[in-house]
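Asks: Sequence:
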Amino acid sequence: MALAGLENIVSLNISHNNFTGYLPDNKLFRQLSETEMAGNQGLCSKGRDSCFLRKATSMSMSNNSKLKRSHRLKLVIALLITLTIAMAIFRAIAVFRARKLMRDDCESEMGGDSWPWHFTPFQKLNFSVEQVLKCLVEANVIGKGCSGIVYRAELENGEVIALRSCGQQQWL
Numbered sequence: 041m042a043l044a045g046l047e048n049i050v051s052l053n054i055s056h057n058n059f060t061g062y063l064p065d066n067k068l069f070r071q072l073s074e075t076e077m078a079g080n081q082g083l084c085s086k087g088r089d090s091c092f093l094r095k096a097t098s099m100s101m102s103n104n105s106k107l108k109r110s111h112r113l114k115l116v117i118a119l120l121i122t123l124t125i126a127m128a129i130f131r132a133i134a135v136f137r138a139r140k141l142m143r144d145d146c147e148s149e150m151g152g153d154s155w156p157w158h159f160t161p162f163q164k165l166n167f168s169v170e171q172v173l174k175c176l177v178e179a180n181v182i183g184k185g186c187s188g189i190v191y192r193a194e195l196e197n198g199e200v201i202a203l204r205s206c207g208q209q210q211w212l
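Quick note, this note's numbering runs 40 ahead of the 1-based positions in the sequence shown.
If you are wondering where the hints come from, they were derived from the structure by calculation, not from laboratory data. Among the hints, erroneous ones may be present.
[To be verified] Result set (DSSO-like, lysine-lysine): computed pairs, CA atoms no more than 30 Å apart in a straight line:
#1 LYS184 <-> LYS174
#2 LYS140 <-> LYS164
#3 LYS174 <-> LYS164
[Unchecked claim] Here are the simulated distance ranges between beta carbons:
#4 ALA118 <-> GLY61: 45 to 51 Å
#5 GLY185 <-> LEU115: 36 to 42 Å
#6 VAL169 <-> GLY198: 17 to 23 Å
Predicted model only: the values in this text are computed from it and were never measured. Glycine included, every Cβ here is placed at the ideal spot set by N, Cα and C.
Kindly generate the complete structure, drawing on both the sequences and the hints.
Replies: Pasting the structure below:
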């Protein structure tokens, strides 16, 4: 029996059988989808000018490559978003730690006193911090260098000493 005579068939899948020639011109074969006829490169329909199934095969292959590209693109976008979020979190942590470190540093420099620095004498001195602070003015600068600024200080008892400010602190 010829395929054209099969009128009671509800569905038919003839894909990947390497059929060639023209399809019968009846309702069943006109309703077949491209995927049900894929893989039959020489199969043509009488109602159409060309063998459309070659195009269907290449279309299904291009659809597969488009699908793969789409999946790759989604994966790349997901990775970039994840990387961006991770970098933002690490940056926030770094900023938080730096601010905390600076705050702790300032608190340790203050030492609970009103002075912005810590005074540690290594021998008994006969002058006070207030006397020294009066001498830390621009007019008394002897020199400047990598180690700080050196000041000439004449104390109330007439003694002249040199004072060096260590670091980048500004004196008022």
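Asks: Starting from the hint list further up, note which numbers the structure goes against and sort them upward.
Replies: Violated hints (numbers, rising): 2 and 5; every other hint is consistent with the structure.
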